[in-house]
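Undergrad: As a plain string of letters, each chain reads:
Number of protein chains: 2
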Amino acid sequence: MDGLLFIGDSLCDSDMFYLSHFLTQDRFTLLAQEKITLLVSSMEKGRAWKEASADEVISTSQYGVMDKLKAFGKPDEAYRQVLVEFLRDRGVRRLGVPFRFPAAIYQHLCRDFQVTVLDSPVSRWRAVKTLQEQDAIRSSQKACEKAMRLAVDLVASSESRGENLFRHGQPLTSEQIRSSIEVALLEEGCEAVDTIVAGGVAAADPHARGTGALPANAPIVIDIFPRSKSSRYFADMTRTVLKGEASLEVKEIYQAVLQAQIVGLEAIRAGISGNEVHSRVVRIFREQGYPEREGCGFTHSTGHGVGLEVHERPSLSEAGDTLEAGNVVTVEPGLYYPEIGGVRLEDMVVVTAQGSKNLTNFERKLVL
Amino acid sequence: MDGLLFIGDSLCDSDMFYLSHFLTQDRFTLLAQEKITLLVSSMEKGRAWKEASADEVISTSQYGVMDKLKAFGKPDEAYRQVLVEFLRDRGVRRLGVPFRFPAAIYQHLCRDFQVTVLDSPVSRWRAVKTLQEQDAIRSSQKACEKAMRLAVDLVASSESRGENLFRHGQPLTSEQIRSSIEVALLEEGCEAVDTIVAGGVAAADPHARGTGALPANAPIVIDIFPRSKSSRYFADMTRTVLKGEASLEVKEIYQAVLQAQIVGLEAIRAGISGNEVHSRVVRIFREQGYPEREGCGFTHSTGHGVGLEVHERPSLSEAGDTLEAGNVVTVEPGLYYPEIGGVRLEDMVVVTAQGSKNLTNFERKLVL
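Protein sequences appear in the order of chains B and R. Going letter by letter, the first sequence gives residues 84 to 451 in the working numbering. Going letter by letter, the second sequence gives residues 84 to 451 in the working numbering.
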């Protein structure tokens, strides 16, 4: 293989950001050989030189993209011609492209090069975090905990009246808490694409964001996954809290989830498979009387890697590979029932040779 | 063609969001036939049913994805098998896939189906906005203007002392203004992935974000492109302001940019090509004594479509196609010189049969 080629924008393609540290919403090309070369529009060249960690930055105007546009009429065709010349100049004949390489360009390159579609090696590299990456994640986690503190305090300081929670005489809403979380994260240099603040039966769907007045006497799931605007690394944590009276059933569910999380956390170490960690969590739920059923109970995987994406390798699920030291993963068992709602607890840990280091420093307490 | 197939996440693939109104960070499959069908993980099914505008939502567990995972070992292989069965069940034999369809899945599907890679028709549909979409963009623009007002007021209320601007005895920084903009946008339900607040020579690169103390007596480029968190539609605007004394040269540059923007805005109507609008702007700059030179002068295109992406069709550039009524485009000429900095003015308009409606309501004034 003479090189690995990526085409996309690094805002969406984290592999490209990982390899270049060049952040842009606009499509560009990255060639990974002994060194990393970027092919960008002439407008982006200056910034790419300054910001990217690439060895070389070439602009499409160096390959006469404007003349080619005049000749071919179509921007995509002009771009493909530039690409062919760019690759030939770099001695490329056999080329690797990742899983999600654009089909149209793949098809075109197959005419002039020997192209192999690879399982992206970069997402495997990304799964093992350097100390610097771990620091970046830790710093996002600190912001996450500040926001979680604010959210939990809002629920704690509310009043349970009838079916809903109130603050200063007004119903306390999901939107209000979410907005406080987002402002707090922004002050810490983080953004949150989505934050879950879902109470009562709404939380029975683990991905429901939550809207409207929050219920009294019912579990409220708060799941925050901020991304640092500077480092681009995520953190991820969940707590479930309740204001008012908890039913015996909800208390038992919470205890079962807590127990399952402890079992999951204790299972983690380099060398164990994500599948095995997940199996142990599934088993402990079954033993405690919460077997799997279609659509309710423990409906998702035990955890996932966290880094430049909020969900990345490795997975703690039936598809989970062997864990390595330096992986950063969540452990987030949950139980969901349409008539009750949801309970989920999520910590984030670094995998080590002997076990794991928990990056989450926040109490697990149901009733506030 | 029996259907058009999309695979990706709708956070990054706006075509998929446009067709489904289902927002997720996780990969899913969308098949567009007479009706829209989503193929999602069992965990996402409930939310997809509730939130998506699709006609049908199928979960991968209905195709036994877990059993296939056990049989094949690899999640990607299991997914591809599910996909083949899903497509066969829907009578698909000849399949269209968009430009950026994942190469690995394309390659696999070619074995069982007749697959054609298409120039995405969806991005062409997206270029013409319905009245509802125009309202969504207008609403993001309102938020944008509130944030711009705040930013311009911060510069206006600063003191020009020596080389820098000061407020309350402290240097006024790009970060400070950007942070005020972001909090204001958040309060309006919008997010900003990036905001440019670049002063002096830093602004000579049109995409530089700007850092540190802002200069006195030099143009400051403020470019805000918020996205509504609920509708997902963007707005986009730029103003250039200066506190202190403007040199004659900077004043002339500002006048040239303003003149070019007026020429660009007046050229716009349904039926003209984006290329022609751009040519007129290039010509007026040349006539005013600002010809193109490599790397400085007017270094970018005149404008771009705005919608679910901040840069989308149609383009006002050499590659620009014919404008249609309902297009929403920016008109944003600028001039950039390494020794001076940059000046850019950007409004956003809806293309109409006779001309355009300007969605931007904000004064253009250099010296505050």
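It is worth saying that the hints were derived from the structure and are not from the lab. Some hints here could point you the wrong way.
Simulated coverage check for chain B against chain R, where a stretch passes if three residues somewhere in it have a Cβ under 8 Å from a Cβ of chain R [unchecked claim]: (1) 112-121; (2) 173-186; (3) 269-278.
All C-beta atoms in this analysis are idealised placements derived from N, C-alpha and C, irrespective of residue type, glycine included.
Undergrad: A separate judgement is required for each hint: does it hold in the structure or not?
TA: Hint check results:
{"no.": "1", "hint": "112-121", "in the structure": "violated (count 0)"}
{"no.": "2", "hint": "173-186", "in the structure": "holds (count 7)"}
{"no.": "3", "hint": "269-278", "in the structure": "holds (count 5)"}
When the structure is compared with the earlier hints, a violation turns up for hint 1 alone.
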